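J.: Per the working numbering, residue 1174 is the first one in the sequence shown, and the count goes up by one each step.
Take these hints with a grain of salt, some might be off.
Unchecked claim - Label-pair ranges, simulated between beta-carbon atoms:
1. V1317 - I1373: 27 to 37 Å
2. E1255 - G1375: 19 to 29 Å
3. A1400 - R1242: 34 to 44 Å
4. V1295 - R1242: 39 to 49 Å
To be clear, the hints were calculated from the coordinates, so they are not data collected in a lab. From a predicted model like this one, the values you see are computed outputs, not experimental measurements. Beta carbons are placed, not taken as given, at the ideal position from N, Cα and C, and that holds for glycine.
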Amino acid sequence: MADLEIHQLVLIGLIFVWSGFVRTSLGFGGAVLSLPFLLLVLDEPLVFLPIIAIQLLIFSSWIAWRGHRQLVAINGGQAPTESNIDWGYLLKSMKVMIIPKLIGVVGLLTLPGNVLTNIIFVIVMVYAIGYVLDKPFRSRNRWVDALLLALGGYVSGTSLIGAPLIVAVFATHVAVHQLRDTLFVLWFILVLIKMVSFVIAGVDLQLIHQLWLLPCALIGHLLGERAHQHMLASQTNLYFRVLGGVLILVSVVGLFSSTG
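Build the full structure now, drawing on both the sequences and the hints.
T.: Structure representation (structure tokens):
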């Protein structure tokens, strides 16, 4: 990113504020709802994925730990009787996702950049259509559960945007009060695998750019914490429809630009 112009760096900073906000307020989406915008600024997925991965590790562990500490405080300083994380379902789902996740990681490191970019835009468009139609993915069958988890693990391995598929299953099986923190622990595990693959493959982790992008994500994170409390009891269908429409537009422009 050293060769980018000032206005491009400003746009990237604002997108990372957005990424932090979405991640914290929704419990997922920091990658899937920011990566398409980042690719419009610089069409190089492997530049941004390590940055997003490191931020996921930091904020996911922070939020999950805070959730635990809040339960301890509510319980008068004693260990809570119920965890803020559904460890049982987390382990069960990881058994399904781990192999597709590893296959996806290999796909990320072997596919040409333009092919991966097109895949990302197509996947995001599918998710966005679900938002616009107010028909997000929902799972009520164990075989469908396994398929969605496997696909989510693979997509997570290729591009870190498998969250909507995974959330569709977790939202059915994990209690509402445990869902966000359980997802953040899952993201931590999946992203840790991704980071190991980056290190082994010698991918530039862009650590120098974390010095200014991490504070950008922190601003979004703090705003997202407030929004999360309001969204738990708010009607958000209109929000997701508008967001879906914007993502469809961005995906169409991105696909046109990459093939033009």
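J.: If a hint holds in the structure, say so; if it does not, say that too.
T.: Okay, the hints, checked on the actual structure:
In this structure the supplied range 27 to 37 Å holds for V1317 paired with I1373, their Cβ-Cβ distance being about 33 Å. Distance hint check for E1255 and G1375: the Cβ-Cβ separation is about 43 Å, which falls outside the suggested range of 19 to 29 Å. Checked against the given bound of 34 to 44 Å, the beta carbons of A1400 and R1242, roughly 21 Å apart, lie outside it. Separated by about 41 Å at the C-beta atoms, V1295 and R1242 satisfy the suggested range of 39 to 49 Å.
Taken one by one, the earlier hints fail for this structure at numbers 2 and 3, listed in ascending order.
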